[in-house]
Each structure stands twice: as C-alpha cells, then as structure tokens.
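*Asks:* Residue numbers (this note's numbering), protein chains in the order written: chain B, 1 to 351; chain A, 1001 to 1274.
Incorrect hints may appear among the rest.
What the hints assert, rightly or not - Each computed BS3-like pair below joins lysine-lysine, with the alpha-carbon atoms no more than 25 Å apart:
hint: 1; chain 1: B; residue 1: Lys321; chain 2: A; residue 2: Lys1259
hint: 2; chain 1: B; residue 1: Lys63; chain 2: B; residue 2: Lys94
hint: 3; chain 1: B; residue 1: Lys177; chain 2: A; residue 2: Lys1238
hint: 4; chain 1: A; residue 1: Lys1269; chain 2: B; residue 2: Lys311
hint: 5; chain 1: A; residue 1: Lys1032; chain 2: A; residue 2: Lys1251
hint: 6; chain 1: A; residue 1: Lys1219; chain 2: A; residue 2: Lys1076
hint: 7; chain 1: A; residue 1: Lys1259; chain 2: B; residue 2: Lys311
hint: 8; chain 1: A; residue 1: Lys1024; chain 2: B; residue 2: Lys311
hint: 9; chain 1: B; residue 1: Lys46; chain 2: B; residue 2: Lys198
hint: 10; chain 1: B; residue 1: Lys314; chain 2: A; residue 2: Lys1257
hint: 11; chain 1: B; residue 1: Lys46; chain 2: A; residue 2: Lys1163
hint: 12; chain 1: B; residue 1: Lys63; chain 2: B; residue 2: Lys85
hint: 13; chain 1: B; residue 1: Lys222; chain 2: A; residue 2: Lys1191
hint: 14; chain 1: B; residue 1: Lys314; chain 2: A; residue 2: Lys1259
hint: 15; chain 1: A; residue 1: Lys1269; chain 2: B; residue 2: Lys314
hint: 16; chain 1: A; residue 1: Lys1257; chain 2: B; residue 2: Lys349
hint: 17; chain 1: B; residue 1: Lys181; chain 2: A; residue 2: Lys1032
hint: 18; chain 1: B; residue 1: Lys314; chain 2: A; residue 2: Lys1251
hint: 19; chain 1: A; residue 1: Lys1173; chain 2: A; residue 2: Lys1061
hint: 20; chain 1: A; residue 1: Lys1251; chain 2: B; residue 2: Lys311
hint: 21; chain 1: A; residue 1: Lys1163; chain 2: B; residue 2: Lys222
hint: 22; chain 1: A; residue 1: Lys1267; chain 2: B; residue 2: Lys321
hint: 23; chain 1: B; residue 1: Lys321; chain 2: A; residue 2: Lys1269
hint: 24; chain 1: A; residue 1: Lys1191; chain 2: B; residue 2: Lys47
hint: 25; chain 1: A; residue 1: Lys1257; chain 2: B; residue 2: Lys321
hint: 26; chain 1: B; residue 1: Lys311; chain 2: A; residue 2: Lys1267
The hints are simulated quantities; they were obtained by calculation from the structure and are not laboratory data. The structure displayed is predicted, hence computed values, not measured ones.
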Amino acid sequence: MIATAVLPRVALRSANTSVRTALPLRRGFATSHVDLANTLVFLEHKKGIFNPATLSALTAAQKLGGDVDALVVGGESEASEVAEKAAKFPGLKKVLYAKHADFANNLSEPLAPLIKKIVESNGYSHVCTGHTAVGRDIFPRAAALLDSSQVSDIIGLEGEDTFVRPIYAGNAIATLKSSDKVKIFTVRGTAFDAAAQKGGSATTAEVKPDAVESLTDLIEEKVSESSRPDLATAPRVVSGGRALKSADNFVKYIEPLADRLNAAVGASRAAVDAGYADNALQVGQTGKIIAPELYIAVGISGAIQHLAGMKDSKTIVAINKDADAPIFQVADLGLVADLYEAVPEMLEKIK
Amino acid sequence: MRASLVNQLRVLVPIKRTIDYAVKIRVASDGKGVDQNVKFSMNPFDEIAVEEAVRLREKYKDAITKITVVSVGPPKAADVLRTALAMGADDAIHVEVPDKASANPLEPLGVSKILTEVVKKAGEEEEVGLIIMGKQAIDDDASQTGQMLAGLLNWPQATYASKLEFPSGKPEKGAEAQVTREIDGGLGIVKTKLPFVMTTDLRLNEPRYASLPNIMKAKKKPFKKLSLKDLGLEDAVKPRQEILKVAEPPKREGGAKVKNVDELISKLKEAGRI
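Whenever a hint applies, use it, and build me the whole structure from the sequences.
*Replies:* Spelled out as structure tokens, the structure:
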C-alpha cells in the first residue's frame, strides 16, 4: 500500500469537476448538467465494529449511481485494519483511510478539515454518513468548511440532487432540491436497507491528514452495557413509559417481556426523565428513531415527540389503561388494560 | 472580590422562533410548507440554552458580564428575544430578515454565516467567550447550526450537552470546560477550552418561567436591530435548497383494539410477529 498525500484523481472526473466549479451556482443547474455521482461515504465504526446506520448510508450512496468510495478513520494501529474490513463491502471502489490518535474518538474538530481536504482533492460530488450522534456532530462542521448546505436525516432519494426528509418531528415530509456543488447529507438508518458486508474487493489507500488540531479531548465514555439486541436495529422492541412508576418496575415488567421476545428495551422520554430507564434507551424525536418489525408500547401515552421515533414500525402494539391515549391512534393492536396485570399474563402465555 | 474585567465572559445565546411544539402541524395548501397561522414560541432547546446561560451567571456571579441573545428571523422573532430577556438575558440582537412565510426559509448554513458576523460585530464592543445554543430547531430538525458556527469560527464544539462544568473554578477566558454529551449508547465526557460552542440537549436543565415583573423589566433592556445589509450578507445567505414539495406523512391505519391478552397474542402470532 502506498501512502499518498494527495490522492490520484480520475482524469475525466477532475475535468467535470473543474467545469462545475467554474460555472456560477444556479437553481436547476444540476439537472441541466447531469453527470454521474462520485460519492464518499464516511463509515463510522467503534473499535472496528461498523455502525449499522453507516451500512444504510452506503445503500443510499449506491442508489445515486456512479462510483462510491469510503472513508475510514481511526487510531494509529486500527485504521488500516478497519479499512481492510471495509474493502470487502460490495460496491465500493476504494477505501480511503486516515490514522491519527485523535481520530479514534470521532471528534469533529480534527475530522471536519480531513473530510474537506479529501472532498476537495478528489472532487467528490456527494458525501454522506448515517444520521447518528457522530454523523450529526461531524458533518455540519465539514459542510460549513466546504460551504455546502447539508441535508440532514434523509429518508429517500429522488435523483442525484433531490432528497426527501422529515420535518416537524416527522409530521411533514419535505422533498427538496439542492444546488450545492458538493452535496452533503446524513441518512436515517431505518430508511434504507443495510448494505452487505461481504463479497467486495475495493482497494485501500492512506490519506495523510494535514496538521491535526485537537480543540477537544475525550475524557471517557459511559456506554450502557447490555446483552440485549441493539435498540437502533432490533427487529423487536418493548418500550416502557411513565406508567411504570419506578426503575424497579421497569426491570420487573419491561425487561423480562423484552427478553422473552428477544427484543430490545426502549423507553419514552417521560420514563427516562423520571429516572426509570437510561437515556440511551429513549425512543423519540430527541432520542432514537427506530422502525422495528414489532414495537410494544407499555404504559406510554404516545406524545408527538415519542411517535416521531417509532411510527414507522411495522406493527405497533399499545398496552395502556387509558382508552383515549393517543398511542391507540397509531397502534395496530391496542389492549386497554392495566400493565401490571397484562404484562405478567403475557409473560406466562408467550412461550 | 470582583474578578478582573479582562477575564470576564460574555455569553451569546442564539435562539429561534418556531411553531410551538404542541401544535399539530398542517401541510399548507400550496404543498410548499406548513400552515403558519398557529401559535409560535421559542424553540424548546433554545429555552434550555438561555436557562443554562442564566444559571451560569447565578452560579459564578461576577464571572459573566453579559448574556446576549440573538435571533435571525422575521419581525415577529422579536417576541422570543423579549421572552429570553425576561428569563434573564441582558441584551438582544435581532437580525431581521423579510418574512416570506414558509417558502424557502433560511438554511442553517446561512444562519451560521450570519451568526459568525454577529459574533464579530458583538466583539467590537465586548468579545464573546461562550456560545450556548439549542441542539436543533423543532421545525427543520436539521441539527446543524451550532456545528457550522463552530466550524466557521474555528472554535471547539461540544454538542448534545447534558452537563457543563468548569473543573478549574470558574468560566473565564481560556478556562477549561468539561461537557457531558449524549451519544448513541450512553454518555461521552469531553474537555475543551473557552471560547467554544455548546449545543444543548433536553436533559441539561429545566427552563424557568418568566415572572410578570421580569417581563415588564425586559421591555427596558437594550434591543438592537441589524439587517443583512448591515452585516454585508445579503447574497451570502441565499438558499441552496429549493423546497419542491411538503406532504403529509403516510397515515397509519387507526388501530383495532383487542379484548384481552389471549387475543393479542394470537393476533401477533397470526401476523408472524412473535
């Protein structure tokens, strides 16, 4: 593997890019001059485990057509190894990787300039990643450096410059057309299928970062340990709300039901704020947005904020004492019952 | 003992006027936006930002000289600035942009460019040492402006904050700050130095209500108006995105209720969900 400070460009691509740069930005320009997308996907990983939303971003990138390259970053010892892993993702042409002790923690200050440098030296037309805590932190900063108006949390693509995204907590869906030279977007993980991770053979190449300026340092991460499936990607989720009344009841009622169904545990904001559940479990506009096959809402009234996080689930079940709770308006199956009776009965009857 | 003036901090809090979080959104008849004839209020995450700034001063007394709130928006955005002044901010800057209803609103990139100029302009009278703002607006849900502003200023950023501490003592220029951030899977604690941009998550604090006397007092606080022309940014903030269509999300079929647990379990089995 040869380390290259400036990556080789494809001649044709660079010609196209310079033509684009020379012309003033005009609305409707992109459709009058369609050329193939040349996309960079930032693949987010933690100690070599790829974030599932990253695989959805890869699917979105492939829908654009044209070449798709990936960027992997990490500490000195891990970056090239993780890049080799990513090189097996089908559909990738090239995996770029950059290593530096400060890249391991996905901090935005050193990574945004790196993304800018790579986009500019390779003439990428599109850059994307998952709409995760990391993607949301790094990408707008990179977009500002590239003078591009980012499109966040897309759920659909209608052409190389036309994106579909939810606004107002998912209560309206906007279709918009970007006239930016470099289109930067983040992808909602549940809106696109995960890309395959085996069968490809991309090349890898190292990118040497410019002087890395570390404006922040990570001191520690406190990640909730759990043997249950990951909330963001679990096919089944059992979620508890305010009606659980205590953290003990959450453990006593929600967790066993989740375990019986091999489901992830979720919570409403009310349950998290009251301290019944960890905030990493929060489902909603300000927490996780999920779309499992089965979502069981126990003791959750169904505030707009919560619905925004789960209304794309395939089947929604609501168990609530209050027959007028808004959750029943979206639930496929609703049971008006006291959870303290219904949940133990379910546990007994589901084998 | 009074802290020396040079080390004292001016805090800037950018806020946005948005449709009230409790309003049920209706797509406008032209299919290009949402109905604007509804209740508006301060973006909830921005209320948390104002509250945090006010609490910092309450905690560290003399360390904070001034809390300046700024809003970029139509004439009515003055209302949310008055609210912030009533919550305890000292002065307000309103960058007034024409009210073009829902069509092509300002994008976060444009707003962050405007805020960058506001920070510079405010610095002519007194340097800004900390920016606290909401993690996202509940209308466009973009979650970009704080990060873009930090990028344009080349300041550090601490996004999705649920706790702000100053381990070395108090907030002053160059002081170290420790911010607890909400990340996927838990919390991350980062360390950075002033000045920086912090964006607020819901759990940072619980905003206070403005009392009537404070609302009356707020009317007398300094309120400055700026135009895009004053900032030399008339062209720089032209939208890059054209909204082609705004539509209702697909409706979910209103749920059938089951009589008991047995029926629930058998229906779930029928559907192959368990």
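*Asks:* Please name the hints from earlier in the document that this structure breaks, with their numbers sorted from lowest to highest.
*Replies:* Structure breaks no hint.
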